[in-house]
Structures are given as C-alpha cells and as structure tokens.
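Protein chains in written order, with this note's numbering: chain V, 112 to 363; chain Z, 108 to 545.
Since the hints were made in silico from the structure, they are not lab data. Where hints are given, some of them may not hold.
As the list claims (entries may be wrong) - Dumping the calculated BS3-like pairs for lysine-lysine here, alpha-carbon to alpha-carbon at most 25 Å:
| # | chain 1 | residue 1 | chain 2 | residue 2 |
| --- | --- | --- | --- | --- |
| 1 | V | K322 | V | K305 |
| 2 | Z | K541 | V | K224 |
| 3 | V | K224 | Z | K441 |
| 4 | Z | K541 | V | K232 |
| 5 | Z | K332 | V | K249 |
| 6 | Z | K441 | V | K249 |
| 7 | Z | K441 | V | K239 |
| 8 | V | K250 | Z | K441 |
Claimed, not checked - Far from chain V by the CB rule (all over 10 Å, computed), these chain Z residues:
| # | residue |
| --- | --- |
| 9 | A248 |
| 10 | R257 |
| 11 | F335 |
| 12 | I378 |
| 13 | I407 |
| 14 | T410 |
| 15 | F419 |
| 16 | A427 |
| 17 | A428 |
| 18 | L430 |
| 19 | I433 |
| 20 | K441 |
| 21 | V491 |
| 22 | Y495 |
| 23 | A519 |
| 24 | V525 |
Quantities reported herein were computed from a predicted structural model and do not represent experimental measurements. Every residue, glycine too, gets a C-beta built ideally from N, C-alpha and C.
Here's the letter readout for the chains.
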Amino acid sequence: MTNKSTPLVELKDISISFGGIKAVDKVSVDLHPGEVVGLLGHNGAGKSTLIKCLSGAYNAEAGEIFISGEKVVINNPRDARDQNIETIYQTLALADNLDAASNLFLGREIITKSGFLDESKMEAETRKIMARLNPNFKKFDVPVSALSGGQRQSVAIARAVYFDAKILIMDEPTAALGPQETEMVAELIQELKKQGLGIFLIEHDIHNVMKLCDRASVMKNGKLVGTERVKDVTEDDILSMIILGKNPKDKG
Amino acid sequence: MNDTTSSNNADDKQESFISRFIAATEIDPRLLGMLGALALIWFGFHFYGVIFNNFGAFLTPRNLWNLSVQTSSIGIMATGMVLVIVTRNIDLSVGSMIGVIAMAMGLLQVEYLPQFVGLGHWSIWMIAVVFGLVFGTLIGALHGWLIAYREIPAFIVTLGGLMVWRGMAFLSGGGRTISPVDPTFALLGGGPYGAVGATTSWIIGIIACLGVAYIIYSGRQSRIKHNFNLRPMWAEVMLALVGCATILGSVVLVNSYPWPKGIVRQYGARIGQDLEGTFISHGFAIPVLILAAVGIGMTILMTRTRFGRYVFAIGGNPEAASLAGIDTKWVTMKVFALMGMLTAIASVIASARLNSATNALGILDELYVIAAAVIGGTSLAGGVGKIYGAILGALVMQSLQSGMVLIGFDSAIQRIVVGMVLVFAVYLDIVYNKRVKK
Numbered sequence: 112m113t114n115k116s117t118p119l120v121e122l123k124d125i126s127i128s129f130g131g132i133k134a135v136d137k138v139s140v141d142l143h144p145g146e147v148v149g150l151l152g153h154n155g156a157g158k159s160t161l162i163k164c165l166s167g168a169y170n171a172e173a174g175e176i177f178i179s180g181e182k183v184v185i186n187n188p189r190d191a192r193d194q195n196i197e198t199i200y201q202t203l204a205l206a207d208n209l210d211a212a213s214n215l216f217l218g219r220e221i222i223t224k225s226g227f228l229d230e231s232k233m234e235a236e237t238r239k240i241m242a243r244l245n246p247n248f249k250k251f252d253v254p255v256s257a258l259s260g261g262q263r264q265s266v267a268i269a270r271a272v273y274f275d276a277k278i279l280i281m282d283e284p285t286a287a288l289g290p291q292e293t294e295m296v297a298e299l300i301q302e303l304k305k306q307g308l309g310i311f312l313i314e315h316d317i318h319n320v321m322k323l324c325d326r327a328s329v330m331k332n333g334k335l336v337g338t339e340r341v342k343d344v345t346e347d348d349i350l351s352m353i354i355l356g357k358n359p360k361d362k363g
Numbered sequence: 108m109n110d111t112t113s114s115n116n117a118d119d120k121q122e123s124f125i126s127r128f129i130a131a132t133e134i135d136p137r138l139l140g141m142l143g144a145l146a147l148i149w150f151g152f153h154f155y156g157v158i159f160n161n162f163g164a165f166l167t168p169r170n171l172w173n174l175s176v177q178t179s180s181i182g183i184m185a186t187g188m189v190l191v192i193v194t195r196n197i198d199l200s201v202g203s204m205i206g207v208i209a210m211a212m213g214l215l216q217v218e219y220l221p222q223f224v225g226l227g228h229w230s231i232w233m234i235a236v237v238f239g240l241v242f243g244t245l246i247g248a249l250h251g252w253l254i255a256y257r258e259i260p261a262f263i264v265t266l267g268g269l270m271v272w273r274g275m276a277f278l279s280g281g282g283r284t285i286s287p288v289d290p291t292f293a294l295l296g297g298g299p300y301g302a303v304g305a306t307t308s309w310i311i312g313i314i315a316c317l318g319v320a321y322i323i324y325s326g327r328q329s330r331i332k333h334n335f336n337l338r339p340m341w342a343e344v345m346l347a348l349v350g351c352a353t354i355l356g357s358v359v360l361v362n363s364y365p366w367p368k369g370i371v372r373q374y375g376a377r378i379g380q381d382l383e384g385t386f387i388s389h390g391f392a393i394p395v396l397i398l399a400a401v402g403i404g405m406t407i408l409m410t411r412t413r414f415g416r417y418v419f420a421i422g423g424n425p426e427a428a429s430l431a432g433i434d435t436k437w438v439t440m441k442v443f444a445l446m447g448m449l450t451a452i453a454s455v456i457a458s459a460r461l462n463s464a465t466n467a468l469g470i471l472d473e474l475y476v477i478a479a480a481v482i483g484g485t486s487l488a489g490g491v492g493k494i495y496g497a498i499l500g501a502l503v504m505q506s507l508q509s510g511m512v513l514i515g516f517d518s519a520i521q522r523i524v525v526g527m528v529l530v531f532a533v534y535l536d537i538v539y540n541k542r543v544k545k
C-alpha cells in the first residue's frame, strides 16, 4: 500500500552519542503522508533523542534525512520549521511568563508594515485556532504559567497545528492529561491524519499505540528492534519487543 | 470553570471597589504600590522638614527639579538592566564602565581633539558623544560575547569588568581629574543652561499629552476591530486625564523653578541686556528629556518588537526559546551591547553634570542600578520586568537619598536605609506574587 510511494520522511542510519554512549545507533524509520507511526521503548531507549535530530534540537553525527525523497540538512529548529516539521515536546517548551498568543507565535511573530509586533492580529488568530481545538479556552491575557496542564497542552498543540505542518512530532502528548482531554487529542490526531499529515507519536501507553498508530517502531538501548504494522501484531508482541528487544517475526 | 465562584461573595464588596478599579483601568497594582511608596517618601521627608527644621525642603520646585536630574543617569542604566536581569543575567560592571567611558570622552575632548580641530570647536562634543556610545557598545558587546558564546557566567564576566574598567579608567587618565569638558557637552548634564526653558517645556508637554491621547484612542480602535473586551469609557477618559495632568503638572513644576540670580546676571551680561530681577524658568533639564526618550524607546523595544519578545521568552524558558528557533546567544550578546550603550549615555550625563571626568565617577552605581530595576519589579529569576518600573525604582532610590541629605542624615545612615528598603521592597514583591498565585 502506501509503502510503495515516496515516504514523507525517511531517517536513514541516524547515530548520535553523548559522552561515549551511543544514544541512537544506526536507526532508520520512515513516515508516509496520512500515517501515524508510534515510537516506543523504555525511558532512555533513544526515542526522544532520535526525534530531536528531526526537529533540529540535536544534530545527528551520522545518517541522512530525506523529506519527500529529497535529502535535507537540519541544523537547528528553524531549519526544521522551514521543512514544515512541527514538534510538540514532552515538556511543551512554553515560555511560562508569556501569554498564549505570544507562545503560539514565538519565533514567527506577525508584524505590522512598520515592523512592530501585531499583537491584536496575533491574539485574534490565537482565539480562532483555540476555538477550534479547545472551545473552553478563555484565558488569553494571562501568562501560560496560570493555565492548567490540559490548557497548556492545547497551546502547544495549537502552535504546531497553526503553521500548516506537514510532519508532526508528538512527544507523549497525553502524559499530563485527564481522560477527557486525552480523548480530544486522539480525535485531533485522527483529523490531522485525514488532512494528510504524517505524525510521529512517542507514546508509553500501549493502548493508545494500538488505537492511534498505523505502524509502531520499537527501540531499545539506542537500537531499532523493529517496525511492525499495528494490525499485524498483538499488544503482547509489541510489549515483548519493548521489554526483551526481540522482534516477534524472529520467533519463528 | 472555577473562577466564577470566587468573586460572587457578599463579603468581597468592600475591597471590590479597588479591584474593580484596577480591572477596569488594567493598571498593574504594583505600579500603584510604587506610586504610593513614592508619595509616602516625598510627603514623609517634606513634613519631617516642616516639623523638625521649620522648613519643608522636599516638595519644592528646586528640589524636585534636582531630583529629576539626579535620577536620569541611574534611570537610563536601569532600563537596560531590566533586559539583562530578565534574561537571567546580571551586570556588575556598569559603574566602572561609566568611569572608563567618561575618562575616554574627557581625554578626547580636553587633550586630543583640540589639537586637531582647535579648542572649543563646535564638533568636539558630538565626536566625544559618538565615540563614547561606540566605546560603551563595544565593551558591552565584549561582555555579551564572553557570556553568550564562551559561556562564562555573567556574574564573573562583569565582576571582572568591574575591576578591569575601573583600573583602565585610572591608567588612561593617570589618576588625574580631566576638566573642564566642552561647554556644549556640559549642557547634556543639566544645570540652568542645560535646561530647555519654559516655552519648549510647554511644547513638549502638549506633544506628550497628544501622544497619550493617541495611544489610548488607537488602542481602543484596535480592540474594537478585533472584537476584544473594551475598557469602560470612564476608565479610558480617566487614564487620559491622569496622564495629561501628570505631564502638564510637571511642566508647571519645572517652569516654576527660576534661574538663580547670579546666572540671570551672567546671562544678561552675555547677551548685553539688563535682566536684573527677571524670572527665567529652567524648564525640563536636558538629561531628564534624554531619560524620557530612552524610557519611551526601551518600552517600545520591549513590548512592540520581536527583540523584546525574545528577551522575555529567553528569560521565561531558555530551552523553549531556542526550540522556537530563537538565536538565544545572539540576543544575549545584543542585550549586553545595549546595556553598554545605555551606560555610555549615563556616562555622558554624569560627566557633563560634574563638568569633569574622574576615576571615581560611577563607583557603586551598579548596585543602585540593580536595586532600581529590582525595586521596579524586575525578577531576579528572569522573565519578568518593566521599563517604567525600573525608572520609578530609580526615582524611589534617588528620592530616599536626596531626602536624607536634605534632612541632614549622614551617608552611613543613608546606606543603611537604602539597603533595608531594597530588601523590604523585594520581600513585598514576593508576598504580592504569592497572593496573586492563590
């Protein structure tokens, strides 16, 4: 099926080490338009590090990145944004002292013709997108430190969605959320998928992976254990990949 | 969801007038607190004088005019210190930088330039000022480079700077006092000739009032355009009236402080008229106008430009700022370069006011500048700070000091009081922040 088309993202043999320890060791994963690929593994397995090479937070020591078949170099977060790669970090990466609009447009502020910040326009745009993502959101004029976990999450998501992302990286987007908000994120993922975005989803909760992802790539100790289509495997298969580092196919 | 429940309590009616007032005008309660503290200091010193010395010297045009001039140099640096502290840094070197920049400008206009363009040449003051600004910016940029790109803590870099630049000031002048500075340069420090006079002060005051009215009007228009909540009309009108009254009141104040008799006579002799007994107003002092211009410029920079937004973002969460694609190192270096430039402006004013450059110029200024920024609500944890707060903070510090001089406290007691006020002001801020969080 989609695997025959050109992948939206292809990470090839990515390696990066910190202080002599290989955090990511020759890992290759790919992502197609309209697909959700789950990245799984224990803490320290290298998922977040791998994905930070794509979002520009880290520079890979070896390996290549292809976007829609073309080789690209991503040296910093700005390069990633230029490739329409948006990231929702586990820490949310919000400046707590700024309000929602300032965070949403951070690094990409709307400016007036005379070169000054267009605060009203930015707030108006923020109100529009928040009305779509989280209609209960009303706190536009307070710093985001005054918001609840779910509200902060929706600001971080709005930031990723607003700028017409083609590739979305979500690092445990539901870790800090209650059941209702988790459901909201799940719906959003389905909607974005329909729009043709490719999504890398780092997730601990195996149920969410089975529900939301098309494929799952499992990492252990910096190495890729394997990538499987979620339909073809059971929860137990994936768990054994995570825990034992064994691919169910190898069983036999 | 739960924020509707808290305010519908009948017991709250008492305090709700003030909170409604604050909500309607959208004034920062801390601003009101600072103005209250200022009023307390001013009236306190004045009535202390009335009661114990039979003369209230504080609330006189003369004292308040002098106070405004004395505040300029610290106030200008405090606006830059806000940016430094907001980005979680500190600058301990500004006092020493004042000294070395003043010494460089002094030597330039007293010893070097006269050799090339002739003594008293019209261009001397401009060359000296431009040189000072460039020199200050370069020193600041050097500090910023060491801090941002070489990752040496700001505390260490600027502590080193505190010693290095003071030493340089001594070396370059050989310990001498360089005096007198160019007469046009000296005007930048204030004094009767360094003030703009009654008519110009009125013109400036009226332009400033129009500016206030325009800001309030255009703010309202922009809210209407985007369908945001509007301030009630009475609040808008009141803000405009209070703003204009403050501005015009200060015009009346500076215009009611006349030139001393000796200066009037001297001026009369120079223009060949007998001005004996003529009332000539000071008007706004030039350094005060420089402070006002710096304050407006820095406020625009901090609240209306990307640079200002990035400064706050770096202070709030450096990692988030860099993940958002902000070049945090470059911004940090620019912040210190700007601090250097503002210090140079302060150095121009301080040496012009003294009509000389000395080794000791600016000693301990770094502490007053940091104290002014902190009293003005800048948080040492980073991310929070206001330009007008820092200027008010400088005014509070200077009011305390000149008030104590007026009632005859000696300098040891002055330091004790200023030190305690600093600690107390920060404590109040912490208490306030805790209450707001609840």
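Exercise for review: Identify every previously stated hint that the structure contradicts and give their numbers, smallest first.
Suggested key: 2, 4, 6, 7, 8, 11, 13, 14, 15, 16, 17, 18, 19, 21
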